[in-house]
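Residue numbers (my numbering), protein chains in the order written: chain A, 1 to 151; chain B, 1 to 132.
If you're looking for bench data, these hints aren't it; they were derived computationally from the structure.
Warning: the hint list may mix true and false statements.
[What the hints assert, rightly or not] Quick look at which bits of chain B chain A covers, simulated, 3 or more residues with Cβ under 8 Å: (1) 21-30; (2) 100-109; (3) 112-121.
Yeah, the Cβ is synthetic: ideal placement off N, Cα and C, and Gly gets one too.
Single-letter residue listing:
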Amino acid sequence: MKKLLALLSFISFTAAAQTNLNFSGTVSTSCSLSVSQPGSLVISNTQPNILGTSVAGGTPGVVGVSFIGTPTITVTLPNSFSSSPTLSFTPNFNGLASTSLLGSLTFSAGAANGTYSTGNSDTVTVNLNADSGGAAFPLGSYSAVVTVSCS
Amino acid sequence: MRGLWAVLGALVTSQAIAHGISPTRVEAPSGSPLVAFRFNAINNGASTEVYSIRCFKHDLYTPYPCNHSPQMLMMRAGSSRSFRAQIETNGDGLYFVCTRQEPKDESQTVVTQVCARVGVGVPASTRPAVNR
Numbered sequence: 001m002k003k004l005l006a007l008l009s010f011i012s013f014t015a016a017a018q019t020n021l022n023f024s025g026t027v028s029t030s031c032s033l034s035v036s037q038p039g040s041l042v043i044s045n046t047q048p049n050i051l052g053t054s055v056a057g058g059t060p061g062v063v064g065v066s067f068i069g070t071p072t073i074t075v076t077l078p079n080s081f082s083s084s085p086t087l088s089f090t091p092n093f094n095g096l097a098s099t100s101l102l103g104s105l106t107f108s109a110g111a112a113n114g115t116y117s118t119g120n121s122d123t124v125t126v127n128l129n130a131d132s133g134g135a136a137f138p139l140g141s142y143s144a145v146v147t148v149s150c151s
Numbered sequence: 001m002r003g004l005w006a007v008l009g010a011l012v013t014s015q016a017i018a019h020g021i022s023p024t025r026v027e028a029p030s031g032s033p034l035v036a037f038r039f040n041a042i043n044n045g046a047s048t049e050v051y052s053i054r055c056f057k058h059d060l061y062t063p064y065p066c067n068h069s070p071q072m073l074m075m076r077a078g079s080s081r082s083f084r085a086q087i088e089t090n091g092d093g094l095y096f097v098c099t100r101q102e103p104k105d106e107s108q109t110v111v112t113q114v115c116a117r118v119g120v121g122v123p124a125s126t127r128p129a130v131n132r
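Input sequences plus hints: build the corresponding full structure.
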């Protein structure tokens, strides 16, 4: 009888010591970006009014995208050079952007975007060209920045 | 409570890539004149980066004023850091809080920017406008 009581007591103690650990979390749309290739602007030998990444010798900017869910990629062109020699003209910037998953992005008024529906990684390639409108680009260093956003 | 504080509730899978933000979707009630949230900037890259903080409304083209602390983020490789952003809203709509990687030198033609969507009276899942 004593052994039975001891066994029942042990069982009761064991049952009372049990508990549940609950785990919870939320997976929401997110993305992260990295510049794989910064891109370089080169003056065109055949069209000296074009300074850009898509002329011979230039390289496009490339951004890697890693994402969860359905984020939107937005590519925004600059309105002006962030640094340059003094210019006697206002350059016109135009761009070409494409991604492995979304294909070509269509620019409208200097910006383009696209929203992912599938996948979890992508590469965005951006070409930027500045057109002087006919004038020669003065000698010197130029820089212009395209912003690739993910939201 | 008109101002709304969000804790870091979103679970974001770690990814071996450079630049992220968490949470990415937050919402505040319709009519909130002031919203404030705390975000986490993430640098999963291999080098120290400097990020600026920018806010937008409706689209990602025209900056919208906001207060944030700190003013800039200098982050070591593989680190994350929280920051606070406060927006005086101008009606309901979709706002954005973004961290933008500052170019390391003048030769860099592409910079990255990751944004959290802040829905004030609208779902945070609302897509940004295309029009500039």
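Each hint, compared with the structure:
| no. | hint | verdict |
| --- | --- | --- |
| 1 | 21-30 | holds (count 5) |
| 2 | 100-109 | holds (count 7) |
| 3 | 112-121 | holds (count 6) |
Of the numbered hints stated above, none is contradicted by the structure.
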